[in-house]
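**Student:** Once you have looked at the hints, place chain P on chain X.
2 protein chains.
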Amino acid sequence: MVKNTQIIFSKVPTGLPKVGEHITVQHSDLDINSLKLNQGDILIKTLVLSVDPYMRGRMRDASMKSYSPAFELGKPMNGHGVAVVVKTANDNFKEGDYVYGMIPFAEYTHLPEQWTKVLQVRNEARDDHLPLPHYVGVLGMPGMTAYVGLYKFGQPKEGETIWISAASGAVGQLVGQLAKAEGLRVIGSVGDDKKSEYLLKECGFDGVFNYKTQDMDEQLTRLAPNGIDIYFENVGGKHLEVALAHANNHARFPTCGMISQYNLSHQEPVHNLMNIVIKRIQMCGFIVGDHAQEMGSEFVKRVTQMIKDGKVTYKDDVTNGIEGLPDALIGLFEGKNFGKAVVQVADQ
Amino acid sequence: MVKNTQIIFSKVPTGLPKVGEHITVQHSDLDINSLKLNQGDILIKTLVLSVDPYMRGRMRDASMKSYSPAFELGKPMNGHGVAVVVKTANDNFKEGDYVYGMIPFAEYTHLPEQWTKVLQVRNEARDDHLPLPHYVGVLGMPGMTAYVGLYKFGQPKEGETIWISAASGAVGQLVGQLAKAEGLRVIGSVGDDKKSEYLLKECGFDGVFNYKTQDMDEQLTRLAPNGIDIYFENVGGKHLEVALAHANNHARFPTCGMISQYNLSHQEPVHNLMNIVIKRIQMCGFIVGDHAQEMGSEFVKRVTQMIKDGKVTYKDDVTNGIEGLPDALIGLFEGKNFGKAVVQVADQ
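Here the protein sequences line up with chains X and P, keeping their order.
In terms of the UniProt record's numbering, the first sequence opens at residue 1 and continues consecutively.
In terms of the UniProt record's numbering, the second sequence opens at residue 1 and continues consecutively.
No wet-lab data here; the hints were simulated from the structure.
Be aware that a few hints might be false.
A pair holds if it fits inside one copy or across any two, identical chains being indistinguishable in the list.
What the hints assert, rightly or not - As a list, the in silico PhoX-like pairs of lysine-lysine whose alpha-carbon atoms are at most 25 Å apart:
#, residue 1, residue 2
1, LYS45, LYS117
2, LYS157, LYS65
3, LYS45, LYS75
4, LYS201, LYS45
5, LYS65, LYS279
6, LYS117, LYS301
7, LYS279, LYS152
8, LYS301, LYS75
9, LYS238, LYS279
10, LYS65, LYS311
11, LYS308, LYS180
12, LYS18, LYS65
13, LYS65, LYS117
14, LYS212, LYS87
15, LYS87, LYS45
16, LYS336, LYS11
17, LYS212, LYS336
18, LYS279, LYS194
19, LYS87, LYS152
Since the model is a prediction, treat every value here as computed from it, not as a measurement.
In isolation and in its complexed conformation, chain X is listed as follows:
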């Protein structure tokens, strides 16, 4: 008999979700030895789980359509994670395999065959001796978001200037280091001075400012005196207005999120969209999943090598134990995470 804690989606929130109301921690027990698997089923033990801003969008009424499915009320939430196969009745998975993909927010899960189809065996996570959280961060969905956004939609050219919002977050810190490697001037914005210091000292950013304590417009005038050629949009609202004002002609705005807007019932307006015409700006929304086939293996190969060569550093903000998951998730919307927020559910 093992303890099996699950994180349940218990109520659709308006505004910022609350633990115990919208997200509930539920304890139960599981008898692994006597558990019977149907043909094709597997039992997994969760090792790490990613918490990401887009999950706020899944905490909605299921009748509303969006790019990712709504969480089911009363059921465990789920997200990208790494788990180990504990029992298997499926020829595609051996006991001890590490799997990556959408994993329920639970310590153990009995997965029916249907669900196993969205998992990939990824035993390099077991064998490569890189920190396990990296596989849901710099080498997972957020890392690929950085890669696809910068290369496919940002089209960086040596000597250009990029501004990255939420720059020390899961996506931003990698965007900046990739852009630096391409010869760009890299400017970041963050909401905390210690994040600023990390980006300047450890990630090689050319300039960073704190949007909570400094005037964004003044800081961009100072740090990007020749304007910005790429704005990596993670935030929305006022950040976007400032980016439109400071953009150069033919600027590209890869747009993968607007975290400042997720918990507002009325979105903040943007007033200067005429700049899109005047400056011929390409503002491209994208969802990383659409590009997995096209760029996924190139991304994993290149970024893994850069990490091994010490050319990319990456900060994970690790919460230990699944009970801490709800606070780690909600903390994202208050900028509490320092680096990629990950929950380490078990060591192995």
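**Tutor:** Chain P alone, transformed into the frame defined by chain X:
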């Protein structure tokens, strides 16, 4: 001695420009016979002049940078037009040649050699027996805007739905007919019922609504029940909000103007930009001049043939006499033009 009326930029406006204050009609005389040309100069007689919404952006203080140069205070304004060469001291131009390009708003102009470099000889305008206004409309800059916007940035696919704002205008009416020829469902919006009737009866649009008298959201729900795949953005503001709400995943928004915003000192805000992420919308600002080299000759060839074959119809709203130019220009911002606004300065 001939009369030579000129249209002068006399004061930078805030809000809607006024004739006699910001734009002034100035009469003078010109002695053609005794006029001496330096080597390289030419004297042209203006035949047709285009008035276009973007000209509002040129009526600014010259210290403000933008994609097209500010008009010079106290000097004739200028824009796309067709003129005939009356006298020449330049080997590239013969007497009687028709030239196309940026033409000063004057009946006659003595052009120094430098200026002649932005003119092209276009004698098909003299010899082809198509209406002369077509050369500054459907076969000129607005027509190419339609062509570049639809093909390069709209990427139309058979069976998709396009919504064109300002649909009976210089750009919109051609976009709709090109899109129809590609097998799209074509929806237009206009501000006048007679424009609506023209698009439905003569241009083959599938549906048109009047945004001034009908609810945009309701009309799009009715006319584009499966959502829109391309929004051809000429208007901005509320139109853009509605387009974001009705867009399908992977929609393209070719964006060449936001006429509703040009005379506002504070731009109207847009509240639902999160749709750019959620629906992976590509919102691409463009200026037609950037693509002249790449697509100009293909455009002229294809659209000329479509007109000759009766596959494209195009309505010009012709004002006779240069004195009427200021009102024709200002009328654009009130939607008074019905079709492409053109000023016929002389017949030949």
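**Student:** Now, for every hint given, state plainly whether the structure supports it.
**Tutor:** Here's how the hints hold up against the structure:
1. LYS45 with LYS117: within (17 Å within a copy, 73 Å between copies)
2. LYS157 with LYS65: Classified as between; 24 Å across copies, 37 Å inside a copy.
3. LYS45 with LYS75: Within one copy, since 18 Å is at most 25 Å while 78 Å is not.
4. LYS201 with LYS45: The answer is neither: 37 Å in one copy and 66 Å across copies each exceed 25 Å.
5. LYS65 with LYS279: between (33 Å within a copy, 11 Å between copies)
6. LYS117 with LYS301: The answer is within: 23 Å in one copy meets 25 Å, while 52 Å across copies does not.
7. LYS279 with LYS152: Both: 20 Å inside a copy, 17 Å across copies.
8. LYS301 with LYS75: Close neither inside one copy (35 Å) nor across copies (61 Å); limit 25 Å.
9. LYS238 with LYS279: Classified as both; 19 Å inside a copy, 21 Å across copies.
10. LYS65 with LYS311: Answer is neither; intra-copy 40 Å and inter-copy 40 Å both fail.
11. LYS308 with LYS180: Within. Shortest intra-copy distance 17 Å satisfies the 25 Å Cα cut-off; inter-copy 54 Å does not.
12. LYS18 with LYS65: within (23 Å within a copy, 49 Å between copies)
13. LYS65 with LYS117: within (23 Å within a copy, 55 Å between copies)
14. LYS212 with LYS87: Classified as neither: same-chain Cα gap 49 Å, cross-chain 65 Å, threshold 25 Å.
15. LYS87 with LYS45: So LYS87 and LYS45 pass the 25 Å test inside one copy only (9 Å; across, 88 Å).
16. LYS336 with LYS11: Classified as within; 23 Å inside a copy, 53 Å across copies.
17. LYS212 with LYS336: For LYS212 and LYS336, only the intra-copy Cα distance (13 Å) is at most 25 Å; the inter-copy one is 47 Å.
18. LYS279 with LYS194: For LYS279 and LYS194, neither the intra-copy (34 Å) nor the inter-copy (34 Å) Cα distance is at most 25 Å.
19. LYS87 with LYS152: Neither: 40 Å inside a chain and 53 Å across chains, both beyond 25 Å.
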